[in-house]
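S.K.: Here are the chains, one letter per residue:
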Amino acid sequence: GNSVTQMEGPVTLSEEAFLTINCTYTATGYPSLFWYVQYPGEGLQLLLKATKADDKGSNKGFEATYRKETTSFHLEKGSVQVSDSAVYFCALSRYNNNDMRFGAGTRLTVKP
Amino acid sequence: SAVISQKPSRDICQRGTSLTIQCQVDSQVTMMFWYRQQPGQSLTLIATANQGSEATYESGFVIDKFPISRPNLTFSTLTVSNMSPEDSSIYLCSVRFPGVQETQYFGPGTRLLVL
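Protein chains in written order, with the working numbering: chain U, 1 to 112; chain W, 1 to 115.
I should point out that these hints are in silico values taken from the structure, not numbers from a laboratory.
Since the structure is predicted, the reported quantities are computational estimates derived from the model, not experimental observations.
Glycine residues also receive a C-beta, built at the ideal position from the N, C-alpha and C atoms.
Some hints could be false.
[What the hints assert, rightly or not] Simulated restraints, written as ranges between beta carbons of each label pair: (1) U:S58 with W:Q101: 16 to 26 Å; (2) U:T28 with W:L113: 33 to 43 Å; (3) U:S14 with W:G52: 24 to 34 Å; (4) W:S1 with U:T5: 43 to 53 Å; (5) W:D64 with U:N22: 35 to 45 Å; (6) W:Q41 with U:Q45: 36 to 46 Å; (7) W:D11 with U:S58: 29 to 39 Å; (8) W:D64 with U:V82: 39 to 49 Å; (9) U:R107 with W:G52: 31 to 41 Å; (10) W:V62 with U:V82: 35 to 45 Å; (11) W:D11 with U:K56: 38 to 48 Å; (12) W:P98 with U:Q45: 16 to 26 Å.
[Said to hold, decoys possible] Just a few of them, taken from the derived set where beta-carbon distance is under 10 Å, the chain U residues facing chain W: (13) Q6; (14) K49; (15) A91; (16) M100; (17) A104.
Construct the entire structure; sequences and hints are all you get.
M.R.: See below:
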């Protein structure tokens with residue numbers, strides 16, 4: 001079945017450090033891939049997405065590239081800020097399939 | 001951009017009681033979903049709310065425990081019935097908009113604590 005595996009957290013970084021959160025997936029066919037962010041006390045916000053192989057999603061300085069050959073969608077940011085502290089979820093969804101599969105989530109804390 | 005709201009935002013309830021959570025969107029959507037997020041965990045899909053018909057429940061969730069209504073294209077309710085402390089979670093509604101396949105957008109969530 002379809003599934004998503006994220007690197008385990010928590011991740012603690014200093015401000016301006018480089019961020020990578022690994023995400024790999026298992027799916028039949030060609031899923032769309034997503035990163036969602038959940039700030040403390042809030043719901044999930046769509047951060048970025050990619051719908052086909054080699055697509056790069058980007059938003060607010062975050063990037064992720066859909067790598068079909070390695071079934072990966074790693075999240076990166078070149079210089080994190082304290083305000084990026086949140087839980088990040090990788091997810092996949094199939095066309096015409098209601099079931100969106102989420103990874104376990106990775107908690108990021110950025111210290112000044 | 002569209003606004004997805006949930007009421008209440010949080011509640012503290014006694015075991016054995018029921019709570020109804022509302023989800024309202026300010027524009028028409030194609031699909032509405034309800035998720036549960038247990039403390040420190042990821043999201044689990046409870047059901048798909050179907051307009052004008054019974055919801056489609058995922059394995060492990062039943063209508064008697066989580067009755068769902070969706071009377072129109074922009075509104076849905078989830079009831080958590082006969083609550084126990086194990087029902088303490090964040091409950092999230094999500095939607096899909098016309099022309100945006102596969103992407104789900106989430107409401108702010110309802111934080112429920114059952115004593």
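S.K.: Please test the hint of 43 to 53 Å on the beta carbon pair from S1 of chain W and T5 of chain U.
M.R.: With Cβ atoms ~31 Å apart, the hint is violated.
S.K.: Given a hinted range of 24 to 34 Å, is it respected by the beta-carbon distance of S14 of chain U and G52 of chain W?
M.R.: violated (53 Å)
S.K.: Does 38 to 48 Å hold as the CB distance between D11 of chain W and K56 of chain U, or does it fail?
M.R.: Holds, at about 41 Å.
S.K.: Taking the CB of P98 of chain W and the CB of Q45 of chain U, does the distance hold inside 16 to 26 Å?
M.R.: Distance hint for P98 of chain W, Q45 of chain U holds at roughly 20 Å.
S.K.: May I ask you to test the hint 33 to 43 Å on the CB atoms belonging to T28 of chain U and L113 of chain W?
M.R.: holds (39 Å)
S.K.: For the pair S58 of chain U and Q101 of chain W, does the Cβ-Cβ distance stay inside 16 to 26 Å?
M.R.: holds (20 Å)
S.K.: Is the interface hint satisfied for K49 of chain U? The criterion is a beta-carbon contact with chain W at less than 10 Å.
M.R.: Check passed: Cβ of K49 of chain U comes within 6 Å of chain W, closer than 10 Å.
S.K.: Does the Cβ distance between D64 of chain W and N22 of chain U fall inside 35 to 45 Å?
M.R.: holds (40 Å)
S.K.: Does the Cβ-Cβ separation between Q41 of chain W and Q45 of chain U fall within 36 to 46 Å?
M.R.: Since Q41 of chain W and Q45 of chain U have Cβ atoms about 18 Å apart, the given range 36 to 46 Å is violated.
S.K.: Check the following: the C-beta atoms of R107 of chain U and G52 of chain W are separated by a distance inside 31 to 41 Å.
M.R.: holds (40 Å)
S.K.: Given A91 of chain U as an interface hint, is the shortest Cβ-Cβ distance to chain W below 10 Å?
M.R.: holds (8 Å)
S.K.: Range first: 35 to 45 Å. Now tell me if the beta carbons of V62 of chain W and V82 of chain U are that far apart.
M.R.: Cβ of V62 of chain W to Cβ of V82 of chain U: about 43 Å, so the range 35 to 45 Å holds.
Consistency note: the structure conflicts with the earlier hints numbered 3, 4, 6.
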